[in-house]
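Novice: Sequence:
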Amino acid sequence: MARRLAGRRSRGREAVRRAVRDGRGVRAADARSGAAGARRRPGLDRARPRRRGAGGVSATLNVTFPDELVEQIARRTAGLLAERETERAAGWLNAEQAADYLACPQSRIYDLVQIGRLRRKLDGRRLLFRAEWLDAVLRDPE
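In this text, residue positions in the sequence shown follow numbering that gives the first Met the number 0: the first is 0, and each later residue adds one.
There is no bait here: all hints are sound.
Straight line, CA to CA, 20 Å or less: simulated SDA-like cross-link-like pairs of lysine to any residue:
#, residue 1, residue 2
1, Lys120, Trp91
2, Lys120, Gln105
3, Lys120, Glu95
4, Lys120, Ala98
5, Lys120, Ala94
6, Lys120, Gly90
7, Lys120, Ser106
8, Lys120, Tyr109
No lab work stands behind these hints, which were simulated from the structure alone.
Assemble the whole structure, with the sequences as input and the hints as a guide.
Specialist: Next comes the structure, spelled out in structure tokens:
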């Protein structure tokens with residue numbers, strides 16, 4: 000920085016030091032001193048100091064909802080969750096989904112199929128399962 004300051008004697012070194020210290024940079028000192036090389040950009044007459052940290056404003060907002068609205072939201076949410084569970088149970092599961100359903104590794108699913116404990120449907124080379132078939136494996140451990 001000392002080398003940059005040496006070539007710009009038209010403005011005072013003290014102005015540069017203040018601008019750099021305040022976080023405004025060297026161009027702000029150029030603009031204030033009216034140096035020949037200073038370029039002003041439209042709309043940026045004053046250099047703003049840089050903010051440190053998040054730079055945002057925090058506020059607390061308290062919202063009160065009527066009990067009826069909260070109950071209605073809870074009922075609707077419970078209904079949507081029940082629909083999803085019904086759709087999942089009624090559909091076919093692949094090996095990965097079956098492993099998630101039983102909370103076991105996918106290799107365990109293949110092992111159960113190989114030893115004949117888990118019923119499966121073939122779609123080409125793909126194994127498909129029903130949730131009821133997976134539940135039967137858990138009910139009847141051999």
